[in-house]
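Protein chains: 2
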Amino acid sequence: MRRFGMVIKLKPDKVEEYKALHRNVWPEVLRTIKDCHIQNYTIFYKDGYLFSYYEYTGNNYEEDMKKMASDPVTQKWWALCKPCQEPLETRKEGEWWAEMEEVFHLD
Amino acid sequence: MRRFGMVIKLKPDKVEEYKALHRNVWPEVLRTIKDCHIQNYTIFYKDGYLFSYYEYTGNNYEEDMKKMASDPVTQKWWALCKPCQEPLETRKEGEWWAEMEEVFHLD
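Residue numbers (the working numbering), protein chains in the order written: chain H, 165 to 271; chain X, 165 to 271.
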């Protein structure tokens, strides 16, 4: 199992819209996340920043992320979410949410 | 079980010191965390921000946090960590790390 911590900004005028969207995430989107071996997935918000934590239980993360990105319902969902977000300038090439560095873990 | 997402800043000149400390957290500190019913605890770093995720499995969080804060070894540990950190102005009264708002969860 591999843990991920990801960070992105929310546009100040889109905070409520983003929160409302996430109170009712579409079932197909949730099913695709599960199908891509993501579990224990939480998104937190504070002061303009979204932080997400999730665990990946598959054995080909890049393949699973491609699978997720190719799902048509997920694409429609992202078309609603992405305009709310403002990615970090310092994100790596190809990233939207920026991956954080794990500096400590205790089971 | 209750999930927590917490955020705090790291002073730019203390990033390496903080990371080094967390590569070798004292066993007594880890034991106290466990004794206080915290599990699956991860700290991530990106662009001056620390984000922590953990799960609380006890039934009196405030009591357990007081217990942790009263442990002498934990106090010595915090005396090393806190000077590396810069708490958010917007944190709530009594907070050091600022608690984030959970906006989404999928098991």
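It is possible that some hints are incorrect.
No more than 27 Å apart at the CA atoms, straight line, and that leaves these computed lysine-lysine pairs for DSS-like [what the hints assert, rightly or not]: (1) K175(H) <-> K173(X); (2) K175(X) <-> K231(H); (3) K173(X) <-> K246(H); (4) K230(H) <-> K246(H); (5) K175(X) <-> K256(X); (6) K246(H) <-> K210(X); (7) K230(H) <-> K198(H); (8) K173(X) <-> K256(H); (9) K183(H) <-> K230(X); (10) K173(H) <-> K246(X); (11) K173(H) <-> K256(H); (12) K198(X) <-> K256(H); (13) K256(X) <-> K183(H); (14) K256(X) <-> K210(H); (15) K178(H) <-> K256(X); (16) K183(H) <-> K175(X); (17) K175(X) <-> K175(H); (18) K231(X) <-> K210(X); (19) K230(H) <-> K173(H); (20) K240(X) <-> K256(H); (21) K256(X) <-> K198(X); (22) K240(X) <-> K256(X); (23) K210(X) <-> K230(H); (24) K175(X) <-> K210(H); (25) K256(X) <-> K256(H); (26) K178(H) <-> K173(X); (27) K246(X) <-> K173(X); (28) K230(X) <-> K173(H); (29) K175(H) <-> K198(X).
Short derived list, chain X residues pointing at chain H, Cβ under 8 Å [unchecked claim]: (30) M165; (31) R167; (32) V189; (33) W190; (34) F208; (35) K210; (36) M229; (37) V267.
Hints listed in this document are in silico derivations from the structure and should not be mistaken for laboratory results.
Just so it is clear, CB atoms sit at the ideal spot from N, CA and C, and this is done for glycine as well.
Evaluation of the provided hints:
Of the pairs offered as hints, the one joining K175(H) and K173(X) holds, with about 20 Å between alpha carbons and a cut-off of 27 Å not exceeded. A distance of roughly 39 Å separates the Cα atoms of K175(X) and K231(H); the hinted pair therefore is violated under the 27 Å criterion. For the given pair, K173(X) sits about 26 Å from K246(H) by alpha-carbon distance, which is consistent with the 27 Å threshold. For the hint linking K230(H) to K246(H), the alpha-carbon distance of about 17 Å falls within 27 Å, and the restraint holds.
A threshold of 27 Å between alpha carbons decides the hint, and for K175(X) with K256(X) the separation of about 20 Å falls inside it, so the pair holds. Note on K246(H) and K210(X): the hinted pairing holds, with a Cα-Cα distance of about 21 Å set against a maximum of 27 Å. The hinted pair formed by K230(H) and K198(H) meets the criterion: a straight-line CA distance of about 14 Å does not exceed 27 Å. At roughly 21 Å between alpha-carbon atoms, K173(X) and K256(H) fall within 27 Å of each other, so this suggested pair holds.
Using a Cα cut-off of 27 Å, the hinted pair K183(H) and K230(X) is violated, with the two alpha carbons roughly 32 Å apart. Annotation: proposed proximity of K173(H) to K246(X) holds, straight-line Cα distance about 26 Å (limit 27 Å). With a CA separation close to 15 Å, the supplied pair K173(H) and K256(H) stays within the 27 Å bound. Of the pairs offered as hints, the one joining K198(X) and K256(H) is violated, with about 35 Å between alpha carbons and a cut-off of 27 Å exceeded.
Note on K256(X) and K183(H): the hinted pairing holds, with a Cα-Cα distance of about 21 Å set against a maximum of 27 Å. With a CA separation close to 12 Å, the supplied pair K256(X) and K210(H) stays within the 27 Å bound. Only pairs whose Cα atoms come within 27 Å are accepted, and K178(H) paired with K256(X) is accepted, the gap being roughly 23 Å. Taken as a hint, the K183(H) and K175(X) pair is broken in the structure, with Cα atoms around 30 Å apart against an allowance of 27 Å.
Proposed proximity of K175(X) and K175(H) is supported: the alpha carbons are some 25 Å apart, at most 27 Å. Taking the CA atoms of K231(X) and K210(X), the gap is near 30 Å; set against the 27 Å cutoff, the hint is violated. Using a Cα cut-off of 27 Å, the hinted pair K230(H) and K173(H) holds, with the two alpha carbons roughly 23 Å apart. The hinted pair formed by K240(X) and K256(H) fails the criterion: a straight-line CA distance of about 37 Å is larger than 27 Å.
With a C-alpha separation of about 25 Å, the suggested pairing of K256(X) with K198(X) holds against the 27 Å cut-off. A threshold of 27 Å between alpha carbons decides the hint, and for K240(X) with K256(X) the separation of about 24 Å falls inside it, so the pair holds. With a C-alpha separation of about 24 Å, the suggested pair K210(X) and K230(H) falls inside the 27 Å cut-off, and the hint holds. For the hint pairing K175(X) with K210(H), the CA-to-CA distance comes to about 19 Å; that is within 27 Å, so the pair holds.
Restraint check for K256(X) and K256(H): the C-alpha separation of about 33 Å exceeds 27 Å, so the hint is violated. Proximity of K178(H) to K173(X) is assessed by CA-CA distance (about 24 Å); at most 27 Å being required, the pair is judged to hold. With a C-alpha separation of about 11 Å, the suggested pairing of K246(X) with K173(X) holds against the 27 Å cut-off. The hinted pair formed by K230(X) and K173(H) fails the criterion: a straight-line CA distance of about 33 Å is larger than 27 Å.
Of the supplied pair hints, the one linking K175(H) and K198(X) is violated, its CA atoms being roughly 37 Å apart against a limit of 27 Å. Taking 8 Å as the C-beta contact cut-off toward chain H, the hint placing M165(X) at the interface is violated, the least distance being around 10 Å. Look at R167(X): its Cβ gets to within about 6 Å of chain H, closer than 8 Å, so that hint holds up. Given hint, V189(X) at the interface with chain H, holds; its Cβ is 7 Å from that chain's nearest Cβ, closer than 8 Å.
Annotation: interface hint on W190(X) violated; nearest CB of chain H at approximately 12 Å, more than 8 Å. Checking F208(X) against chain H by beta carbon gives a least distance of about 3 Å; that is within 8 Å, so the hint holds. Because the beta carbon of K210(X) sits about 4 Å from the nearest beta carbon in chain H, less than 8 Å, this interface hint is met. With its C-beta approaching chain H no nearer than about 16 Å, M229(X) sits outside the 8 Å limit, and its interface hint is violated.
Contact between V267(X) and chain H, as hinted, is supported at the beta carbon level, the nearest pair being about 5 Å apart and thus within 8 Å.
Checked against the numbered hints given earlier, the structure breaks hints 2, 9, 12, 16, 18, 20, 25, 28, 29, 30, 33, 36 and satisfies all the rest.
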